[in-house]
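Chain order of the listed sequences is A and B.
Heads up, the first sequence is in our numbering, so the first residue is 1 and it goes up one at a time.
Heads up, the second sequence is in our numbering, so the first residue is 1001 and it goes up one at a time.
Check each hint, because a few of them may be wrong.
[What the hints assert, rightly or not] Straight-line alpha carbon distances no greater than 30 Å define the calculated DSBU-like cross-link-like pairs of lysine-lysine that follow: (1) LYS30(A) - LYS532(A); (2) LYS1108(B) - LYS470(A); (3) LYS1150(B) - LYS1230(B); (4) LYS154(A) - LYS1108(B).
Since the hints were made in silico from the structure, they are not lab data.
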Amino acid sequence: MSRDFHSVHSEPSGFLRRYVFSTDHKVIAKQYLALSMFWGLFGGATAYLIRWQLARPEAEVPGWGYVSPDVYNALVTMHGTIMVFFVAMPFLLAVFGNFLIPLMIGARDMAFPRLNMLSVWVFFLASVTLLASIFVPGGPASAGWTGYPPLSAKPEYTGVDWGLNLWILALALEFASFLLGGINFLTTVMNLRAPGMTFFRLPMLVWMQLIAAVVFMISVGPLIAGAVMLLLDRIAGTTFYLPEGGGEPLLWQHLFWFFGHPEVYVILLPAFGIILDVMSVFSRKPVFGYRPIIYASLVAGFLSFVVWAHHQYISGLDPRLAMPFSVTTILISVPFSFVVFSMIATLWGGSIQFTTPMLFAVGSLGVFIFGGLTGIFNGSAPFDIYIHDTYFVVAHFHSTLISAVFFGGLAGLYFWFPKMFGRMMNETLGKIHFWLTFACFILVFGPMHLLGLGGMMRRIANPLQYDFLKPLEPLNLFITIAATVLILSQVIFVVNFVVSLVRGKAAASNPWKANTLEWATASPPPHENFEKIPSVYRGPYEYSVPGASDDWLPQDRPLADAGAAAR
Amino acid sequence: MSSWLPRNVSTFGGDVDGIFWLIFYMTAAWFVLTEGLIVYFAFRFRRRVGRRAAYVTGSGWKQLSWVLVPVAVVIVLDVFLDLRGAEVWARIKGQPPPPALVVRGTGKQFNWEFTFPGRDGSFDTPDDLHVENNLHVPAGKVIHVVLTSKDVIHSFFLPHLRLKQDVVPGRQITVWFEATQPGEYEIPCAELCGFGHSGMKGMLYVHTQQDFDKWLAERLAETDALAARKQR
Ligand code: HEM
Ligand SMILES: [Cu+2]
Ligand SMILES: [Cu+2]
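Hey, can you work out the whole structure from these sequences and the hints?
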């Protein structure tokens, strides 16, 4: 099974083999990057439409026109689906996992390069299917991204037929793609580590990708089964979820959230890996509590499987179940607060350099703390009675997800861009991008909590139909304007990305003076990554070691630099 | 500040709001502390020529205690919060107090249907009173609402009473409340239930007992008259 990684295979020639049907993990990562950026723009456009509809429910959305209630439902459904499954997962897992895992462990490629190529093509197929679902007669899926039956189970209830069938199919394909990817991540880290690369010398990013892959693989099975039953209810006349045939609508919610909650950690953990790696480099300090953070993340991954019913406090579940789930939910704050405090401690006593990646990493930490704290409100069953399915929840999960996807993911992209493309990004544009994004984020999602506390339900096309929501109208407009600026600010990033790609300053192999193995090879790395497989002598975070001449000690530098502690 | 939440008019709403404020002060303190530390460290430890970062790995109990002590505080606060939460939850979702009035509430795309038991006090008899979308109750009395749905999942939301319950087809779920102030309050649907979800709006009319009796008598007389006309 394991490849002979000492022999260097020659690079395939021809455009198709090199850039399209490539088995090279680096090319595959870039393919995922292109797809997730496409979907990111698409998802941003849906957010724009949703927000303007809420700000001016009775007017036309500028640049689009009238949004009818069923179009609105389709918009929120697509926004949620796209952002979670077609932006967050491919961006955080597939891009960074594929690009970095082999480089960071000192391997020539993934364990199964062909399987890897298959995973990106299955994801491409999922993307095409989702796009197609928007244009079939009857319109796109509009039962929410959580697809609760019976609404989603019978075409009569929404008027949507093939749109929803294709939506289920697209998700199934997406899951298949990430299962293939997960298997690859696991086997690669198990088998292809360079000599000396023990498990406790792996960079945080590799650990977090690993835990995320395992959590995903354990959680996704029940949902796939559930999705098959939903599809059968829709097209084959079964009644798994339809009470008139003896079915149980709540079964779906259990299957969905048994997957859906861990999924949040599947997205968060890779972002934590990025943040920790970036913070360590730019404060020139070891990650504080390397091993305990790994244990805490394992505990969090495990706990994520016993909290799913906190999405169901008021779903009609036996109320006696709420308390155990409330306890486990609030307990998850323990490993996470450990990780957060460790991140803060990593800054302590550092020599902190605020490059663009560092700004995004620290900003991500700041936002995540906010989202984590508002999660306590949701986790508490009695208060969830009031805020469940309101904008408080929407504001909360955007704080956690955006801290991961927007801030964490962008920190990683700015950080590894030189390695990926061999060029530097423009720092000034990067900093402007950060500060605009950060400020607008606060202006959008801070006040959004107040909408929820005011009682505004999510997924309503027209809040003005309710007298008790009318006082929130100015707030809704304010949030929408801030959101529009937030979305427009991303243009700066896209411009910076594209221009740097073709005209950026050439990057050195290790522009940030970082320790991990991906920086030990050229930027961008050659086919098969390393001229010679490096040997690993120490952990990934040996910065500012007392007595050492430089403030960094790469993992592959052989000499035991004057008195340096080799972990 | 309390105007963030709509005015509360139920007996247990105060407890729910109490949990909100409890968590609010707890998390606000953590927020200021942690974000404050980040900002302080960012300035205090920014890169300066000639100063090297401290080599702190956080292995070993002595260093780890910097992090473990705050984590311990988090655990204590968690337990405290869970205990307080359990009390309030038990009060609202545990055994409901005996009702002065039982009403049936049925959700459907895109309306609420309320059924009152009529003079004989029992359901499924000819004098049942059916009212579209409007729930009339007396103030100061325990009301039970037996909820079910004809089609998809809806959610019975009374923001001013801090009450919310998903309404699931194929199940009956009883909720209760006691309104403290007469008035008119909106009843939105909080679960996406189709294209009319946004406007699935019912009304709760909380009357004084007298007004309620009067309303009920009038409506019953109306249905009597209607039934009599049909028989003729
Ligand atoms: C420009 C930034 C964004 C804005 C302004 C925005 C806005 C919104 C709004 C207003 C809703 C609520 C729709 C409703 O319930 O009626 C929503 C829902 C949602 N958003 Fe975002 N969003 C943004 C980015 C993201 C990102 C980056 C993610 C995830 C990675 C995300 C994930 C979701 C999800 C899962 C939902 C739930 C959809 C549903 O209610 O079914 N959003 N967003
Ligand atoms: Cu409804
Ligand atoms: Cu509804």
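We went through each hint and held it up to the structure:
Between LYS30(A) and LYS532(A), the direct Cα distance comes to roughly 24 Å. Compliance with the 30 Å bound is thereby established for this hinted pair. Straight-line distance between C-alpha atoms of LYS1108(B) and LYS470(A) comes to about 25 Å, which keeps the hinted pair within the 30 Å bound. A hinted pair counts as satisfied when its Cα atoms are at most 30 Å apart, and LYS1150(B) with LYS1230(B) qualifies at roughly 27 Å. Straight-line distance between C-alpha atoms of LYS154(A) and LYS1108(B) comes to about 15 Å, which keeps the hinted pair within the 30 Å bound.
Taken one by one, the earlier hints all hold for this structure without exception.
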